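Colleague: Each chain, written out:
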Amino acid sequence: MAGDKVEVRISRDLYEKAREFIEETGGFKSVDELVEFLLQEVLSGEEEAGLTQEDEEKVKERLRSLGYL
Amino acid sequence: MPRRLFFLGLDSLPPRVLYEGLDGGAFQYLRGLVREGARWVMRTCHPPITVPAWMVMFTGKTPGELGVYGFRHRRPGEFGYYIVNSGYIKAPTIWDEASRRGLRVGVYGVPPTYPPRPLHGFMVTDFTTPGPEKPYTFPPWLRRELEALTGPTIFDIVYRSEDKDRVARDLLRMLDNHLRQVEYLATRKKWDAFFYVEISVDRAHHAFWRYFDPEHPRYEEHPRYSRVIPEVYRRIDEWLERLHPRLPKDTVLVVASDHGIKAMRGAFTINQWLAEQGYLKLRVDPSSLKPGTDLGEDMVDWQGTIAWAWGGYYSRVFVNLKGREKHGVVEPRYYEETLEMLRRDLESIRGPRGEEWANKAYRPSELYPEVNGDPPDLMLYLDDLNWRPAGTLGWPANYLEENDRGPDDAVHDWHGVYAVYDPEGTLERGERGVMPIEYIKAHLEQLIFSKEEG
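Line by line, the protein sequences are chains A and B.
Anchor point for the first sequence: position 25 equals 70 in our numbering, and the numbering is continuous, going up by one each time.
Anchor point for the second sequence: position 260 equals 870 in our numbering, and the numbering is continuous, going up by one each time.
Derived from the structure by calculation, the hints contain no laboratory data.
It is possible that some hints are incorrect.
Here are the simulated DSS-like cross-link-like pairs (lysine-lysine), alpha carbons at most 25 Å apart as the crow flies [what the hints assert, rightly or not]:
1) B/Lys891 <-> A/Lys74
2) B/Lys800 <-> A/Lys62
3) A/Lys74 <-> A/Lys62
Label pairs and their in silico Cβ distance ranges [as the list claims (entries may be wrong)]:
4) A/Glu99 <-> B/Arg1039: 50 to 58 Å
5) A/Glu102 <-> B/Thr1036: 42 to 50 Å
6) A/Glu102 <-> B/Glu793: 19 to 27 Å
7) A/Glu102 <-> B/Arg1039: 26 to 34 Å
Coverage of chain B stretches by chain A, computed from C-beta distances (three or more under 8 Å per stretch; other residues unrestricted) [stated by the list, open to error]:
8) 766-775
9) 896-902
10) 983-994
Remember, predicted model here, so these are calculated numbers, not experimental data.
Note that CB positions come from ideal geometry on N, CA and C, so glycine has one too.
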């Protein structure tokens, strides 16, 4: 089910580093959130694919309203 | 050790503002640095537009070499267009070179850097980012860090609106959002070179220039709107005054723009004109169209069409060439002749009172050492950029007082600024002449890498 959570085991060293990282940067509330975010970024593959058709349409609309087109 | 460099890019800032005092007294700190430093009038590229201009500056390549002639391009034989993004910039940027040498770089807001690419440092992309839900930073988690600080990153505003009070509010909100993020990155992260481009300046110019520049033909003093541009300048100036002492002491500070700005005299309906001259044959009666209707592929009678055009800050003109276009009719053996005829006619367009205009129509090969990508057949500037070509149809006359895409007060200009403040005084101070935009990368590299090599 969407929204269900499962446990993932990582090494304690890495966990401690991750805790320090989130304290320093303030972008994440917990190690769980950081792990979920990073996995999502890696697995979505969006950066590799460049812009989707929908993204390109959004950008075209904005450039049109800005008068560039 | 290399020299540290902080680059502040103020999109569309003209020399009149930074060097000649048309700043409403707002750039107190920045003008002090400029007086103490070396300054050039920056001569921008063809076309004088944000994309490709910043990338010309940061790669040292002309638009022809980059194959980037604006935001949009047309593949031969197609009528529609595609938009360029960071993936189309194939030449290495100054931050790629610096990364390669092991220097840490920061990049913020440089168009077009979306989608972000890995580098030795960090990157926040620019106003061509589709939205704040997209992966717009490198490394990816930087986005969360910035959002914890300021809330969602604001990439742009809609400035072509009659609701100028809202435009002013949105503009200042966006500027503050960027200034806070850059201050955070500049003071909390490690970097040797930081490149920051602020787009709010350009948006302020386009939306409020006629309330600011007394030389604008429709200049109007307004109790609120006349203060917006100086307010944008003042916020940047005070921010820089606070930030500068917190940067490493030997940091070289650079201020530059990608093009200048000047009053828009009006817009000229280029496709309506092409239709009147017999170059473009329409299937529809243009007088029956709503003003501002885009030229659609199905509106054109291709069998009777020699050329059509795009509007924008300049016009791109395409010849309906046989063998290249879907319904091409111009025989390749008449291509040269057709181009020359078009050029002559386009350059003879006169103003609304029959006055002569300084029009220029160039073939891309006349402007660049190499012509890559998807160039137009002709690049047209009307009256030295004073008049904006409008590609839309349905207008009762060819001369429009306003822009066809909504309220806008300004057009781009050839000259911007490039000023360098070196606290160690290694540069000769004062006015240094004209700096072509494509030479800036080499100049910046000398500044950054000289100590490393020495």
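Colleague: Checking each numbered hint in turn, tell me which of them this model violates, lowest number first.
Modeller: Those not satisfied are hints 1, 6, 7, 9, 10.
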